[in-house]
Amino acid sequence: MTDTLPPPTVKLGFEPETLLLRLDQILTLKPLRPETKESSKYKQILGSVKAVGLVEAPVVARHPKDGNRFFLLDGALRIEALKDLGQTRVECLISTDDETYTYNKRINRLPPIQEHKMIKRAIARGVPEAAIATALGLDIKSILRRSRLLEGICTEAAELLRAASCPMASFDILRKMVPLRQIEAAELMLGQNNFSSGFAKALLAATPDHHLAQRRRKPAGSDGQAITATALAHMERELLNLQTKIRTFEDSFGMDTLHLTLVRGYLRKLLATPEIVQWLAQNRKEYLSEFRTLLDADRIS
1 MTDTLPPPTV KLGFEPETLL LRLDQILTLK PLRPETKESS KYKQILGSVK
51 AVGLVEAPVV ARHPKDGNRF FLLDGALRIE ALKDLGQTRV ECLISTDDET
101 YTYNKRINRL PPIQEHKMIK RAIARGVPEA AIATALGLDI KSILRRSRLL
151 EGICTEAAEL LRAASCPMAS FDILRKMVPL RQIEAAELML GQNNFSSGFA
201 KALLAATPDH HLAQRRRKPA GSDGQAITAT ALAHMERELL NLQTKIRTFE
251 DSFGMDTLHL TLVRGYLRKL LATPEIVQWL AQNRKEYLSE FRTLLDADRI
301 S
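Taking my numbering, I'd label the letters of the sequence shown as residues 1 to 301.
Worth flagging that the hints you see were computed from the coordinates, not collected in a lab. All the given hints hold, so there is nothing to weed out.
The calculated lysine-lysine pairs, modelled on DSSO-like cross-linking and capped at a C-alpha distance of 27 Å, are:
1) Lys-43 - Lys-141
2) Lys-83 - Lys-43
3) Lys-30 - Lys-65
4) Lys-83 - Lys-117
5) Lys-50 - Lys-120
6) Lys-141 - Lys-117
7) Lys-117 - Lys-41
Pairwise CB distance ranges (calculated):
8) Leu-258 - Gln-214: 47 to 57 Å
9) Asn-194 - Gly-53: 29 to 39 Å
10) Asp-24 - Gly-198: 42 to 52 Å
11) Leu-20 - Gly-126: 16 to 26 Å
12) Pro-34 - Asn-68: 27 to 37 Å
13) Arg-22 - Arg-121: 17 to 27 Å
14) Gly-53 - Glu-156: 28 to 38 Å
15) Ser-197 - Ala-130: 24 to 34 Å
All figures in this text were calculated on a predicted structure; none of them were measured in a lab. Yeah, the Cβ is synthetic: ideal placement off N, Cα and C, and Gly gets one too.
Build out the structure end to end from the sequences listed, making use of the hints.
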C-alpha cells in the first residue's frame with residue numbers, strides 16, 4: 001500500500017469575503033500631494049464614482065496589531081473621492097499579502113469586458129449614457145459601443161477574454177466568426193498573449209469560409225476566391241505550428257539563458273589566465289576568436 005501525499009496548499013491572494021469598512025478604519029500608507037485633486041485623473045475618478053458608483057473595490061490588508069484598522073494597498077484616489085462625496089463606508093477586498101509593491105506589480109486594471117459589464121450595470125440602474133460618458137471622459141458613441149461589446153460574441157469566448165486587455169477592434173473581428181471559431185481564436189490570442197487587431201485580422205484571414213458568420217464575397221468578374229480554401233487551411237496550419245514553436249522557445253529560453261551565462265562566466269575566468277590565452281593563440285586561434293566574440297556580446301536578455 002503506497003502512501004499518498006497531501007494536496008499542496010494554495011495560498012489565496014484575497015480573503016473569500018469582502019468587508020464593508022468605515023473610511024476612518026482605513027490607513028493610507030502614503031499621503032496624497034495637495035495638487036493631486038487638481039489632476040485630470042482625480043477629476044475623472046471623482047466624476048465616475050459620482051455617476052456610476054465604485055467600479056473596482058479598494059484593496060486593504062489587516063493591521064497586524066489592531067483588528068479594527070486596515071492598511072490601504074490600492075485605491076487611494078477612490079477613497080479620497082468617496083470622502084469628497086460624503087460617503088462614510090466602502091466595500092473592500094482584503095488582501096492576504098500586505099506587500100504594496102508586489103501587489104501593485106500584479107494588479108490588472110479594468111479590462112474591456114469588465115468595463116462593458118460596468119457600463120451595462122450603470123445603464124440598467126437608470127444612469128443616463130451622457131452621465132456615464134462625462135464620468136469616464138468619453139463621448140456617448142463610445143459608451144454605446146462599449147455597452148454592445150459582447151453582442152455577437154459567444155459566452156465561451158467572452159469568458160476566455162474576460163480578464164484580457166483585448167481592444168474593441170479585435171472584438172469587431174471576432175464577431176465575423178462563428179462561435180466555435182471565436183473560441184479557437186480566443187485560445188490562440190491567449191496562447192500568444194497577443195490581443196491586437198492585427199493578430200485578430202491574421203486569424204480571420206486564416207479562417208475557412210464555413211467558420212465565418214458571413215461567407216467571403218468572390219471578386220467581381222472572377223469564378224474563384226482571392227484566397228482559396230486550401231491556402232487558408234495552409235495558413236492556419238502554419239499559424240498553429242508557429243504558436244507551438246514559440247511555446248517551445250519560451251519553455252527553454254530561461255534555462256538556455258542560465259547555461260549561457262554560466263558558460264560566459266567560465267570563459268571569462270579562463271581567458272583571464274595568460275598561459276591559456278597564449279596556448280589558444282598558438283594552437284586554436286579560431287576558438288579564441290569565438291570565445292572573445294561571445295564575451296564581447298552587448299547583453300544577454
